[in-house]
Amino acid sequence: MIEVQHVTKQYGPITAIQDISFSVKEGEIVAFLGPNGAGKTTTMRLLTGYMPPTEGTLRIAGYDCFESPIQVKQRIGYLPESPPLYLELTVHEYLTFVGRLKGLSSELLTQRKCRVLEQTGLVDVQHRVIGHLSRGYRQRVGIAQAILHDPPVLILDEPTVGLDPNQIIEIRDLIKSLAGTHTIILSTHILSEATALCQRVIIIHQGRIAAIDTPEQLSARLRHSQKLSLTVKQSLPDMEPQLRAIPGVQEVCAAPSSNTFIVEASLDSDIQEDLTQFVVKHGLGLLELKSQSLSLEDVFIRLTHNTPSNKTDKS
Amino acid sequence: MTPVHTLVAKELRCFFVSPIVYVVGAVFLGIFGLLSYWAVVEASNQALRMMQMTDTFAQININDLVFRKVFYNLNLVLMLVLPLLTMRLFAEERKLRTFELLLTSPIGINEIVTAKFLSVVIIYCILLTLTALVPMVLSAYVSFDWHPVFTGYLALLLQGAFMLAIGLVASALTENQIIAAFLSFGVILLLWLLGAFGSTLGDTPIGHVFSYISFIEHYDRLVRGLVHVKDLIYYLSGMALMWFAAHQVVDAHRWN
Ligand SMILES: Nc1ncnc2c1ncn2[C@@H]1O[C@H](COP(=O)(O)OP(=O)(O)O)[C@@H](O)[C@H]1O
Ligand SMILES: [Mg+2]
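Protein chains in written order, with the working numbering: chain A, 1 to 315; chain B, 1 to 256.
Possibly wrong hints are sitting among the right ones.
As the list claims (entries may be wrong) - Straight-line distance between alpha carbons at most 20 Å, and here's what the computed SDA-like set of lysine to any residue pairs gives:
(1) A:Lys233 <-> A:Val252
(2) A:Lys25 <-> A:His6
(3) B:Lys95 <-> A:Glu81
(4) B:Lys95 <-> A:Leu133
(5) A:Lys25 <-> A:Glu240
(6) B:Lys95 <-> A:Gln226
(7) B:Lys95 <-> A:Leu87
(8) A:Lys25 <-> A:Glu3
(9) A:Lys176 <-> A:Ile190
(10) B:Lys95 <-> A:Ala255
(11) B:Lys95 <-> A:Lys25
(12) B:Lys95 <-> A:Arg138
(13) B:Lys95 <-> A:Tyr50
(14) A:Lys227 <-> A:His132
(15) B:Lys95 <-> A:Leu89
(16) B:Lys95 <-> A:Thr41
Unchecked claim - Over the 10 Å line for every Cβ pair with chain B, so calculated as not near, a few chain A residues:
(17) Gly27
(18) Gly49
(19) Lys73
(20) Ser177
(21) Leu284
Just so you know, these hints were derived from the structure itself, not from any lab. Every residue, glycine too, gets a C-beta built ideally from N, C-alpha and C.
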């Protein structure tokens, strides 16, 4: 359904994305995962035909995104990073406008509006002016706008950003309900969102694809080490090498001013116990020992630096 | 509904909920009324004086004393208020990021530009129609030649539409509405000054070129009741050029 081949996009001297290739099958949900500035929005804009790539080709349903823009635009629903809303219109007026813009006939438009207002939970506010709605509602209007003409392909740029936890759950449920009948690409910088919603995750880092994998395999690849933060009252002069000598410890790094050390260790070692014993044995005074979750940065470092042998994991 | 219809309808809807149209309309109509009032008062004073001197019923020329004067002065008012109508056209779409919606919908840039232009021209036409009250009321009291009045309105329509087209381009160039307004005001002023400069140069090739590029002499002829094809061509080609420029600017914006 979606075919991206060797795409590069430069903004003047800045290379936003470089040599990106991937494809998405019909009915699949795929996530773009990456930190801010990774190139997610750029890739999506290229897919929508909003702007041309510097190099490479993008195709949706067999149509080139830049050479047959009308055919492509008829087949996609797009939620940009900030929802494109006319603040002076009511929700209803806005959706009527968008529907006509997408070329829906009057009867179909009336029908679709009812359906979409229900799906996005906007029935109660449909006659309110968009400028008076809260952030969460505006985001929903943005999503309603994207799915209004029932396009086979949905491109959602950070659909849950800026929403409160309840709203996030609602939007995720909505996206899940669209799955199967729609091909969906969504972008996010939240690891759990990508793994919860999608069948495949495309990890983008600094304009390049770092990995393409299923959420299961991705977590497996990430699950062979854990990260702990250890704070002691007083440290030894050669604390770092000593810690490293503990079996199972892979990496130690000291925080500059305080007596805090970040310890990475393999998952199968009893590292918490070993560290506690180490501190007690040297009489350092344990203040804190807690496990840290992997940040997205860690994920990228791991995915880009891990050797393939790491892939063999018992899980 | 074609895309252009849809876009124009939305544009007008947005215009009429924003205060700017009412402010521009009130200022424009107010000044039109005042100018006409002064012109009429002055004309009647003149008529009175002539009657006292000659002791006969004086026939004064309403066309020259009222309409021509009003139309000339109105040009200046247009220059000041029309940039306020066009400044939001593209600038706001860019600021609100709604441009992304338009450009990812199955419509062409030409349709977007055409719709934006048509919507301001429609609003301007509504204002012009409202001013027609003045000649209609006057015609109940005095007789005058309707022909220069009609060509004067044609001049106002073409002149205004040309200024709106300039404003359209200015608005496409920036996402700041104030800058867009000043930019179009500046370009219109420049065109005006070019004409003044051209006439000081007189009968030289450069002088002719400047006078042709400026709208002054084209406007003058129409207001005097002379409809020349070359003046119509001037305005229409000017608008076409601006339409094309706006199209290019919007398109170039995507390429970054
Ligand atoms: N219009 C633009 N002009 C210049 N640089 C841009 C533009 N848009 C994005 N970039 C740059 O391209 C890179 C990728 O940006 P973006 O695609 O927005 O990333 P993401 O959506 O993943 O946060 C960033 O380094 C950003 O600074
Ligand atoms: Mg982004």
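Hints and how they fare:
no.: 1; hint: A:Lys233 <-> A:Val252; in the structure: holds (18 Å)
no.: 2; hint: A:Lys25 <-> A:His6; in the structure: holds (18 Å)
no.: 3; hint: B:Lys95 <-> A:Glu81; in the structure: holds (13 Å)
no.: 4; hint: B:Lys95 <-> A:Leu133; in the structure: holds (19 Å)
no.: 5; hint: A:Lys25 <-> A:Glu240; in the structure: violated (49 Å)
no.: 6; hint: B:Lys95 <-> A:Gln226; in the structure: violated (45 Å)
no.: 7; hint: B:Lys95 <-> A:Leu87; in the structure: holds (12 Å)
no.: 8; hint: A:Lys25 <-> A:Glu3; in the structure: holds (9 Å)
no.: 9; hint: A:Lys176 <-> A:Ile190; in the structure: holds (17 Å)
no.: 10; hint: B:Lys95 <-> A:Ala255; in the structure: violated (43 Å)
no.: 11; hint: B:Lys95 <-> A:Lys25; in the structure: violated (35 Å)
no.: 12; hint: B:Lys95 <-> A:Arg138; in the structure: holds (16 Å)
no.: 13; hint: B:Lys95 <-> A:Tyr50; in the structure: holds (16 Å)
no.: 14; hint: A:Lys227 <-> A:His132; in the structure: violated (45 Å)
no.: 15; hint: B:Lys95 <-> A:Leu89; in the structure: holds (16 Å)
no.: 16; hint: B:Lys95 <-> A:Thr41; in the structure: holds (17 Å)
no.: 17; hint: Gly27; in the structure: holds (22 Å)
no.: 18; hint: Gly49; in the structure: violated (7 Å)
no.: 19; hint: Lys73; in the structure: violated (4 Å)
no.: 20; hint: Ser177; in the structure: holds (23 Å)
no.: 21; hint: Leu284; in the structure: holds (54 Å)
Hint violations for this structure: numbers 5, 6, 10, 11, 14, 18 and 19, all remaining hints satisfied.
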